Amino acid sequence: MRTWRKFLAYTIIFILFIGVNIPPNVFAATSLNITDKVNVDVNKIWTVKFNNELDKSTIDGSDNILVLDDKGSKVNIKIEYQDNKTLLISPVNNYQYGKTYTLVVKDTVKSKSGKGMKETIQMKFTTKTSNATIKTIEDITQILYKSEKYSLPSVVKAIMNDNTEQNVSVKWDNTYIDTSKPGTYYYKGTVSGYDKLVNLKIVVSTSSGVDLSRITKVCIDAASASNLQVLTGPTGVKDKDVNLAIASKLGKLLENKGIKVTYTRQSDSVPWSQSEDVLKRDKIANDSQSEVFVSIRSNYYSSLTAEGMETYYLGTDSKGSTLAQQVQKNVISKTSAKDRGAKEVGESHINFLQGLNGVGILVYGGFISNTNEEKLLNDPLYQDKIAQGVADSINASSGNTITSVKDISANVIQGNSYALPTRVTAIDDKNNSVQADVIWEVNSVDTSKVGTYVIKGRVNGYTKLITLTLVVSPKPVAKYKICIDPGHGGYDSGAVGPGGTKEKDVVLQVSLKLGQILANNGIDVVYTRTSDNVPWPANKSEELKMRCDISDKAKVNYFVSIHANSVDGSPSTSGIETLYGDNRTDGIPLATNIQNEMVATMGGKDRGLKKRAVYVVKWTDAPSALVELEFISNPEKEKLLKTPEYQQKCAEAIARGIMKTLK
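Using this note's numbering, the first residue of the sequence shown is number 114, and each one after it goes up by one.
It should be emphasised that the hints constitute simulated quantities derived from the structure, not laboratory data. Computed from a prediction, not measured in an experiment: that's the story for all the values here. Each hint should be verified, as a subset may be incorrect.
[Unchecked claim] Listed next, the in silico DSBU-like pairs over lysine-lysine satisfying Cα-Cα at most 35 Å (straight line):
1) K776 x K731
2) K270 x K294
3) K752 x K731
4) K294 x K373
5) K169 x K157
[To be verified] Computed beta-carbon distance windows for the label pairs:
6) E232 x Q548: 47 to 57 Å
7) G185 x G528: 54 to 64 Å
8) W285 x K187: 22 to 32 Å
Using N, Cα and C, we set each Cβ at its ideal position, and we do this for glycine too.
The task is simple: from the sequences and hints, build the whole structure.
Structure, rendered in structure tokens:
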């Protein structure tokens, strides 16, 4: 009898107490018979007391103490030491209202002396039923890749009137979504006890969610077939045979890399007609759930000298662009063929790639219409090189697991264009900074209105949406305003060069380029005309008066008129000159700076400043100058004047002259 009592004392010497608070209402337990707790606060902190000092190594980083929900899943908890014998156990996030949980203390928890409890202890507790009402439910945005599997959420997060968060059931007006069709889709949801509708916006991107570093399935398409349209080279080689040979070689190389391969055809003919060709091939690729579709093709052109290799991709698919460029680079490296580049697919084949769920490219190994390339394409060794170049491009880079992406912000001036970034900086699982592809809920941004715009984006492989905050700031108040006057226009062509180039066309282009440069430098610009559709009547005196009136009403700082010079009977005459009014001197600094910059930049003959009785430089309120770019009557200068490059240089030179005057 004494022996039995000694054994019992030994086995239960390490006991615990679970209390509902600190320190009252503490009770002891050495078995599973612990009374269930009800009406427990959702942020409850349990106090667990032991009668001996704890061996912390049996608690820290282990599952020896845990809380399970009603489905047996672990709840995130925080375990703190009040002292060497007492633990405080609390939820990282509040428990849900009206749910039953189980606190478990396993018998593997030990004291410092190494003794453990006789049994695992469990205590069930049920949280309070919430009296809180729903204050608000935020609208939801979900961004999906093309053909990504997705089910509408059954619960949404609600903010209660006590400012706690709670998941609540939602019923949607429609549960169907076809993610094979890019676009934006809107759903309305109802939640019991909430008098407003819940808005869900789903954006299906044109891009696929394929990770090009982890391809497992590829569909290889040997274009053409004996019962379809066949391209035949000068010596009789047929594209259907070349395509099939390369496709077969490529398939074997990919299978050797552990990639599952599906073919659209492996024989000479196909069981469909020409009119069904695109749909049937796309269906085979989509049904196989291939992440990548590679169509092997031969090119053909009426000119027998056309040559080279090229790869096409869908312009809206950034992954397709990346893969096409990699394939193009590798095949050229293997074959030394003429590099025709990776290109956006044209209208003739756009439906082919648009119908695919994954990434698709069209690989043209060469021109079968070119005798030399026909011979190469029919050579098994050359076919091997093409196949190897494509195979080397699949899973060419090591994949990164994205662990974090910071939200980004940008600023743009009202009216200026802003392009959404296609890549963002992310941190991978090796703590490296990497560039990751991103898709956005919108394709473009309207910057015409001042404000702050929040745009959601998604990085492939990252579970959270990222946020771009774009601040559109008002245009700064310009310190200066310039009137640019393109000479002639409309009914008046101005001088016409020996090659038919019209002065009015040249000076308009220079003026528009000049205006853009000034605007980019924070200067307000006013034009007397911006096209050949002029605002004045076909009357020279009325025209000249209106040019001055436009400048005067705008209250500009300076007026600059752009012209091209001309002289009859002297085609070799050339040079640059700038005019100012013969009744005033306030335009001389402006005219001087423009003349100096034009001569220094364009390298033409310096004909200097000229004081002239020209209406527009005499009668504008603002100081004015008229620059004669060059002589359009000179055939050599005419050729220069009509080129965009020369026009841009003129605009830049005049702009520098104006800005020097403003300083």
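The hints, checked one at a time:
1. K776 x K731: holds, 24 Å
2. K270 x K294: At roughly 28 Å apart (the allowed maximum being 35 Å), K294 and K270 satisfy the hint.
3. K752 x K731: Holds, because 32 Å separates the two Cα atoms, which is no more than 35 Å.
4. K294 x K373: Holds. K294 to K373 sits at ~26 Å (cutoff 35 Å).
5. K169 x K157: holds, 23 Å
6. E232 x Q548: 47 to 57 Å: holds, 55 Å
7. G185 x G528: 54 to 64 Å: holds, 59 Å
8. W285 x K187: 22 to 32 Å: holds, 30 Å
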